[in-house]
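Which chain is which? The protein sequence lines are Z and R, in order.
For the first sequence, the residue numbers in UniProt numbering are 1 to 266.
For the second sequence, the residue numbers in UniProt numbering are 1 to 273.
Everything labelled a hint here was simulated from the structure, so no lab data went into it.
Don't take every hint at face value.
Some chain Z residues flagged as far from chain R (calculated, every beta-carbon gap over 10 Å) [as the list claims (entries may be wrong)]:
(1) ARG16
(2) ARG27
(3) GLU43
(4) MET77
(5) GLY111
(6) THR136
(7) HIS144
(8) ARG158
(9) THR159
(10) ALA238
(11) ARG262
Where chain R lies over chain Z, by a calculated footprint (3+ residues, C-beta under 8 Å) [said to hold, decoys possible]:
(12) 88 to 95
(13) 99 to 110
Keep in mind that this is a model prediction, so the values were computed, not measured.
Glycine included, each C-beta is placed from N, C-alpha and C at the ideal position.
Residues per chain are reported as follows:
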Amino acid sequence: MNTAALTGGTPKISIRDMTLVHVNEERRQSNVAVENLTLDIMENEFLCVVGPSGCGKSTLLSAIAGFMQPQTGTVTMNGERITKPGADRGVVFQEYALLPWKTVLDNVALGLKFRGVPRADREAKAMEYIAMARLTEAAKKYPHELSGGMRQRAAVARTLANTPEIMMMDEPFAAVDAQTRLSLQEELLRVWNDNPITVLFITHSVEEAVFLADRVAVLTPGPGKLREIVEIDIPRNARHWDTITSDPEFIALRDRVMALVRDQNG
Amino acid sequence: MTDSVAIHLRPRTLWISRAQRRGTAGILAVLLLWQISVWIIDLPPYFYPAPRDVLAAFGELIRNGILIEYLADSSWRYAVSVGTGLSLGIIFGLLIGLSGFWSRLLGSIIRFFYAIVEVAWIPLLVIWIGYGFPTILIAISYVVFFPVLYNTLTGVQTIQPVLINAVRTLGASRFQVLTSVILPAALPNIMTGLRVGAGFAFRGLIFAEMIAAGSGLGFLIFDGASTRQTDRVVVGMIMMGLLWLLMDRLLLRPIERATIERWGLVRAQGGES
Ligand SMILES: Nc1ncnc2c1ncn2[C@@H]1O[C@H](COP(=O)(O)OP(=O)(O)O)[C@@H](O)[C@H]1O
Ligand SMILES: [Mg+2]
C-alpha cells in the first residue's frame with residue numbers, strides 16, 4: 001500500500017517556510033498568496049491539496065512547476081532548488097491546455113518531440129498512453145472535436161507520456177459534468193495504479209480529495225498556510241464510487257476534512 | 001453574399017457549387033448589362049468600348065505576347081514584395097510583442113512611419129533609386145509590413161499564457177515555445193494581416209507600375225489611357241480582378257482552410273473574399 005511506503009519514504013518535493021507573493025508591477029501591488037508553508041510530497045504518493053477558492057492552491061503549484069520563485073523559504077525537488085519549469089514536473093491544467101493546432105497524437109507526443117525522439121518512436125510511445133487513456137479512436141482528432149472529458153484524458157496522457165517525476169493537476173475535473181467527473185476520477189486511479197508516480201492533485205472538492213488521495217493537505221483561506229494533513233488509509237481496491245459512499249471510513253474521513261475546511265471559513 | 005448566414009447551415013460541398021453557380025450568373029449579368037449599355041449609350045469604342053472590342057484587344061495582347069509578359073512581371077514583383085513585407089512584419093511583430101526592450105525601442109518609430117502612406121514615398125524613391133523593381137519592392141513591402149506587424153502583435157498579445165506554460169512543463173526550449181505555440185497561435189491574426197496587406201499591396205502595385213515601371217498591369221492601364229486605347233485599359237482592369245480572385249482561391253483560402261479552420265481556431269467564413 002502506498003501509505004505504508006510513505007512513512008519510511010523520501011520526499012520528492014520539499015517545501016520549507018515558503019512565502020509566495022504575486023507582484024503586479026503596473027499597479028504597484030503585491031499580493032501574498034501563500035505564507036510560511038512547509039510541506040513534503042513523498043515519492044509516489046497521491047497528495048491532494050484542498051482549500052477554498054483563492055487560498056493559494058494554484059500559486060503553490062506555480063512555484064513547484066517553476067513558473068514563479070518563492071519570496072522567502074525554499075522549494076526543492078530531490079534536494080535541488082527549483083528555478084524554472086522542466087519536463088521532470090508535468091502539469092495538467094484545468095483548461096486542458098492542449099494545443100488546438102495539433103491532433104491528440106501530436107499533443108501527446110509533444111514532450112518527446114521536444115526531446116528529439118524520432119517520429120516513429122515517439123508516436124509509438126504516445127499511442128500506448130493514448131490507449132491507456134482510452135482515446136485510440138480519437139488519436140487523429142483535433143482537441144476542438146473532443147468532449148471535455150476526452151480532452152482532459154488527453155491532457156493526462158500527454159503529461160504521463162513525458163514520464164515526469166511528479167504530475168501536478170490543478171482542479172483538472174472542475175470543468176466537466178458531474179457524471180463524467182466520477183468516471184474520470186476512477187480512470188485516473190486506474191492509470192495511476194499502473195504507472196506509479198508522485199501526484200499533487202489540487203481541488204476544492206473535499207469528496208474528490210478523500211476519494212483520490214493517500215494524504216489530504218488542508219490549506220487555510222488566503223494567504224494559504226497548512227492547516228492539517230489527513231491520512232486517507234482507505235485501501236486502494238475500495239476506491240469505487242458505487243461502494244465507497246457507504247463506507248463508514250470514507251464518510252468519517254470526508255466529514256473530518258470537511259470540518260477542517262469549513263471551520264476556518266465560518 | 002448577403003444570404004451567407006442561411007447558407008452556413010448547409011453542407012460545404014453543396015454550398016460551394018451553389019456559390020459558384022451564383023458567381024457565374026453574376027458575371028454573365030454584368031456582361032449583359034455592359035453590352036446593353038453600349039447599345040443605348042452608343043459612343044465611339046475608344047471612349048466606351050463594348051465587350052467585343054475588349055475581347056479583340058485581349059486577343060491581340062495575347063498574340064503579341066505583351067499581356068503574358070506584363071502579367072508575369074506584375075506577379076513576380078507582387079510575390080517578392082509581399083513575401084518581403086510579410087516576413088519583416090512577422091519578425092518585427094514577434095520582436096515587439098515578445099520583448100519589452102524592442103517594444104520601447106521601436107514602438108513609436110513604427111507608429112510614426114505607419115502614418116506615412118506608401119504613395120507619399122514613391123516619388124521620393126524614384127528620385128533616390130530611379131524607376132524599376134527596387135522602388136516597387138520597397139513601396140509594396142512597406143504597404144504589407146504594417147498590417148502584418150500590427151496583427152502579429154495582436155496575435156502574440158492574446159496568446160493564452162497557459163499554453164506557453166504547458167509546453168514549458170513539457171520541456172520546450174525558448175525556440176520550441178516560439179515554433180510550437182507562439183507562431184501557430186498568432187497565425188489567424190497573421191493571416192488577417194496578410195489579407196489586408198495583400199489587398200493594399202495589390203492597389204499599390206498598380207499605382208507604382210503606373211509611375212515607376214515600363215511593364216506590368218499598371219503600366220498597361222496607364223499606357224492604354226494615355227494613347228486612348230481604352231479597350232486595353234479595360235483588359236488591364238479585368239486582369240486585376242481576375243488575378244486577385246485567383247490569389248484568393250489558390251493561395252489565401254487554401255492556407256486558411258489547411259490551418260486555422262481545421263484547427264477550429266475560427267469558424268469557416270461565408271463567401272466574402
Ligand atoms: N497573477 C496574479 N496576480 C496577482 N494576484 C494573483 C495572481 N494569481 C493569483 N492571485 C491572487 O493570489 C491568491 C491565490 O490565488 P490562487 O493561487 O489562484 O488560488 P486558488 O487556486 O486556491 O483558487 C488570490 O488572492 C488571487 O487573487
Ligand atoms: Mg486555482
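Kindly indicate which numbered hints from before are broken by the structure, ordering the numbers from low to high.
-> 5, 7, 8, 9
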